[in-house]
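Chemist: Take a look at the letters that make up each chain.
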Amino acid sequence: MNLSKKDMLGVMDLPKEEIDLILDTAESFKEISTRTIKKVPTLRGKTVITLFFEASTRTRTSFEIAAKRLGADTINISASTSSVVKGESLIDTARNLESMNPDIIIIRHSAAGAAHILGSMLKQSIINAGDGAHEHPTQALLDMLTIREKKGTIEGLKIAIVGDIAHSRVARSNIYGLTKMGADVAVCGPAMMMPRDIDQMGVSVYYKMEDAIKDADVVMMLRMQLERQEKNLFPSLREYANLFSLNRDNIRLAKDDVIVMHPGPVNRGVEITPEIADGPHSVILEQVTNGVAVRMALLYLLSGGIK
Amino acid sequence: MKLLLKGGRVIDPSQNIDTVTDILIEDGKISMIQKNISLPEADSGGDLKIFDLKDKIVTPGLIDMHTHLREPGFEYKETIRTGSEAAVAGGFTSIACMANTDPVNDNRSVTEFILKQARLAAMANVYPIAALSKEQNGKVLTEFGDLKDAGAVAFSDDGNPVTDSGLMRHALEYAYSFDMPVISHCEDTGLSSGGLMNEGFISTQLGLPGIPGIAEDIMVIRDIILAEFTKTRVHIAHVSTAGSVQAVREARSAGINVTAETAPHYFTLTDEALMGFSTNFKMYPPLRGSDDVKAIKEGLRDGTIDTIASDHAPHSSIEKDVEFEYAANGITGLETSLSLCLKLVDDGILTIGQLIEKMSVNPSNILKIPKGSLKTGSDADITVIDMNKIWTVDTDKFCSKGRNCPFNGWELKGKAVMTIVGGDVRYTDFEL
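Residue numbers (this note's numbering), protein chains in the order written: chain A, 171 to 477; chain B, 427 to 858.
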């Protein structure tokens, strides 16, 4: 079995069987990263471009390490060094890259749908590494891998996603993925950060942290983007932390073996207190480890995969 | 020069005519409507042209009261010539053009320039709509008196809402004293700011910031209140929401002088078309939900919505082949509008007579221009429609420079096959 599409643009259109395939493949790739010589020749001769129009350390590095461990050549382009500053359009940039015959292009962009433009224009495989507030499929896949590892299954779990749901591509991709895998998903955040009709995505909606995380198997905290305050979306960071921070007190409402996740980078003291981020329930760094495995799996599957 | 249109089904709501009859045109005017006009041999000399219009519908020339012709300033998107060519190709004999050009049509010289370019193009009649405020900045009124004298037919800051209710009040009062309409683009920017599409389940799925329907409703209601208070009238542009339709309906029944227009895309498409992020579905106001589409159709059916205008807004690939968020608002409309409207007739929402009323008689009444009628002596502006012609939209064949059309590739039924302006055949699309 292989992936049915040439691109990985989002989890919305990803069938459950393909999610399983990616997670299974990722699991089998994890071992490579523990070897002394962390490199296999699977993608030797392939060229992978990361095209990042938004700042990123972890995601870009994760993709680069994933590609290199599979033996691919990687080129990193970030907006500050690219022709974008000279006013070139995304489509022109893409066409120029295409002319140099890469095999896979990984794009992150602040505009929702940017990866779709490349996907529909280019013959290369496109991986969406985050487009605006739309989707961040590899984050959701690595989150699902982590949950599956820790809990054995995703089906039937009670999972709370807490924070600025409206502006979060991580939330959207996870909602699509986790509901498909049979989890019971709750979203929670300030009312003005809850997008309209979100319940139609098959989630329950809470405005009180305590209600959302009660008996949860998984609590996923989202990064609060500090610039949102300027747009009058919440009164102050203090108020936000008071109401929506995961801390020693409220975590007791969740199941005893709850796992705490965060896509990073963490604003310590805002959405999560340091003792929780570093505490026994936290799987935040394991998410990062799994990120490499999931991205290796995707690069492998999109390059032709199982022959 | 004489034209004889023979055997068409003539529908003229202004005279309650719906019958198979002949029309004789002389010197650019309608000189006779009568069954079986047979001219004496002497009159049918070399300069008489006869058209057999059997099985075709003959109507007063269609009027599109809301277009953007982009000239002066954005000639790479459209010119008055290409825009008015697109108009006649779409069956429109008269179009009104909005003021958001560069420079803005906020003074006599721009209005006169538009009229001059339209005369040179010699395609459709072009009626300039002047800006309501200088540079459309919402602060200082334009010179309504001078602009009317120069040939402007209405005032509007279309593209920008008039957020200052005091300025809107004065505009309504001042325009009314000249017997001129104010056309209002209704948008509460506090609610719409930053939005890229209709706010609802689809915007939530796509992660695009939403524009709630109430951003329109609130301003429609404000304008209705202002029109009532000032005892003037207001015309609501491009109605897209169920809330606006309801507000206009209630105002009308309370005797308030408000008219309303919608555009074909608001009863043809919903925001679901945005899945996939195609910028050809991006316009302002945005495509709404299915309840809104239903309400627009009901508003058309019960007469709440007076007219259908295309909001023809051509852009080039420079503005449209970009990320959704950066793409300009607007779609072309002149060459697809009539066919999309004829679907309302096919679907039993309007009779063909009611549709012609909305596309010819009513816009001429709102703009107070001497059009929209086939009365003897009136200008021979005539549209001939083939209700059964099946055709496929191909933007490469557009007269408009704009290719930003969400209907490209659609198969449509019904089309203008002949457009006559001032007795001159400006467009034909059938075997004579």
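Incorrect hints may appear among the rest.
[Stated by the list, open to error] Below are the BS3-like pairs computed for lysine-lysine, each with C-alpha atoms no more than 27 Å apart in a straight line:
| id | chain 1 | residue 1 | chain 2 | residue 2 |
| --- | --- | --- | --- | --- |
| 1 | B | K815 | B | K794 |
| 2 | B | K723 | B | K839 |
| 3 | A | K293 | B | K746 |
| 4 | A | K186 | A | K401 |
| 5 | B | K461 | B | K480 |
| 6 | B | K746 | A | K176 |
| 7 | A | K200 | A | K186 |
| 8 | A | K293 | A | K328 |
| 9 | B | K565 | A | K401 |
Everything labelled a hint here was simulated from the structure, so no lab data went into it. All figures in this text were calculated on a predicted structure; none of them were measured in a lab.
Chemist: Each hint needs a verdict: does it hold in this structure or not?
Modeler: Hints and how they fare:
Taken as a hint, the B/K815 and B/K794 pair is broken in the structure, with Cα atoms around 33 Å apart against an allowance of 27 Å. At roughly 19 Å between alpha-carbon atoms, B/K723 and B/K839 fall within 27 Å of each other, so this suggested pair holds. For a cut-off of 27 Å, the pair hint linking A/K293 to B/K746 stands: about 21 Å separates their Cα positions. In summary, the hint linking A/K186 to A/K401 is not supported, as the alpha carbons are separated by about 37 Å, beyond the 27 Å threshold.
Distance hint between B/K461 and B/K480 is fulfilled; the C-alpha atoms sit about 13 Å from each other, no more than 27 Å. Using a Cα cut-off of 27 Å, the hinted pair B/K746 and A/K176 holds, with the two alpha carbons roughly 25 Å apart. Note on A/K200 and A/K186: the hinted pairing holds, with a Cα-Cα distance of about 21 Å set against a maximum of 27 Å. Under the criterion of a C-alpha separation no larger than 27 Å, the hint pairing A/K293 with A/K328 is inconsistent with the structure, at around 40 Å.
Under the criterion of a C-alpha separation no larger than 27 Å, the hint pairing B/K565 with A/K401 is consistent with the structure, at around 25 Å.
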